[in-house]
Amino acid sequence: MGIKKISLIVTTAIVIFVSCKKEIFIENGSGLEDWTTETHSNDVAPNYGVVFNQNKVNKIHLVFTAEEWSAMQADLADVTGGSGGGPGGPGGTFSDQTPLYFAADFYFNGIQWYNVGVRYKGNSSLRANSGKLPLRFQFDEFEDDYPEIRNQRFYGFKELSMSSNFNDKSLMREKSACDVFRNFGVPAVRTAFYEIYIDKGTGTYQYYGVYTMCEVVFDTFLTNYFGSESGNCYKPDGDGAKFSTSGFDLEDFEKKTNKTTGRSDIQAMYNALHASTRTSNPTAWKAGLEATFDVDGFLKYLAANNTLQNWDTYGIMTHNYYLYNDPNMGKLRWIVWDNNEAFQSGNGRKSPIPFAMNTTTTDWPLINFLINNSDYEATYKAYVKSFANSSFATSRMSGIFSVQQSLLTTSAVNEQTGYTYLSGIGSFNSAVSDLISHNSSRVAAANVYAP
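With the working numbering as the guide, the letters of the sequence shown map in order to residues 9 to 459.
Keep in mind that the hints were calculated from the coordinates and are not lab data.
It is possible that some hints are incorrect.
Derived pair list, reagent style DSS-like, types lysine-lysine, alpha-carbon separation capped at 30 Å [what the hints assert, rightly or not]:
| hint | residue 1 | residue 2 |
| --- | --- | --- |
| 1 | Lys64 | Lys208 |
| 2 | Lys389 | Lys294 |
| 3 | Lys243 | Lys389 |
| 4 | Lys166 | Lys129 |
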């Protein structure tokens, strides 16, 4: 590939004396040949044009030592019970631990980033009988070990998430869903297509196929989308994430910002949702709920999600969303996350939520309580109609799918056995045709539900 690993040589050091203790301070990027302010420092704004280029499939090359790669696979086996990452899975039992980061040199457009933290991420996707597993990058994870990379960034980004497009023969469901949500005004991260190549310490690269790079919510997204990252950001998971009276637990709302403060805003939203005025005084109930939660934004999300269809969401699963207490609005707002199961009528075990949402019980009160309020139902229906005939219109989506098909064809042809969910280029083309047909059928169904 014309890319080689470059050894790190620290050539500049500044000696500081503090309280009679000798400390060595190494200047950021000292001795690192490719380090520049624009590409590596945290002194620049995130460069979305480079990192989330929409007009090409970018490429990332990762170089591990044999020891780091072996340790990373051993850690994966600990997390998945030996079920992930190739022949032998699925099976086993997940532990509660998050996979560890391991150091790799990272190359993009011939430029090197040094000792970048790389780990596996995901849940069911880590059980895949495939080497193509989702990844997470943290560019300054090992700054304590390598002080010359302190505050290392990738064009202003500290962290990035790489979806493996798990079980997606079209390779584009994750990206397309995020893009269409954003177009409709629903908070969703930016995305881009990438090819990933990995040298496992052998001196040769293995092509891992097409990934979807996703912006990390609590890194750059909050400021970019909401204009501020000072509010509380939560990643809910577990029974508490239902907001039901059964199993509600504030500890199920993992804090991603302001980690030392409490969760009073979540409790206030829960209290407002379950207030007795819901049945005795609906007007007062609505006012109380809307003071703590962006209800209108959530109804807009439900309309889009139920139209495009995604079973791996709230109402069926207790994860795959974030909540952010937007300082500009003064209330919690819904952020969609993890859309690789979108644009499907089900997976054989799970079915998406129907338009009427009449199968969703009080165990999922954010849906059940809202859809049973006539005012909110009317707003939701209006959003279904608007979404189906604007952001999700067949003329718009068929064009998007076709452009992405052209963009991805060469990458899809090159995917390799053991590192792909495709069964040849025919399966890719067929999956894209299925997306176009699904879009058309869902628009027709939306116009029946909300004429």
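Against the structure, the hints:
1. The hinted pair formed by lysine 64 and lysine 208 meets the criterion: a straight-line CA distance of about 26 Å does not exceed 30 Å.
2. This hinted pair checks out: lysine 389 and lysine 294 have alpha carbons roughly 18 Å apart, not beyond 30 Å.
3. A C-alpha spacing of about 28 Å is found between lysine 243 and lysine 389, which places the hinted pair at or below 30 Å, so the restraint holds.
4. About 16 Å separates the Cα atoms of lysine 166 and lysine 129, which keeps this hinted pair within 30 Å; it holds.
The structure fails none of the hints (numbered hints given earlier).
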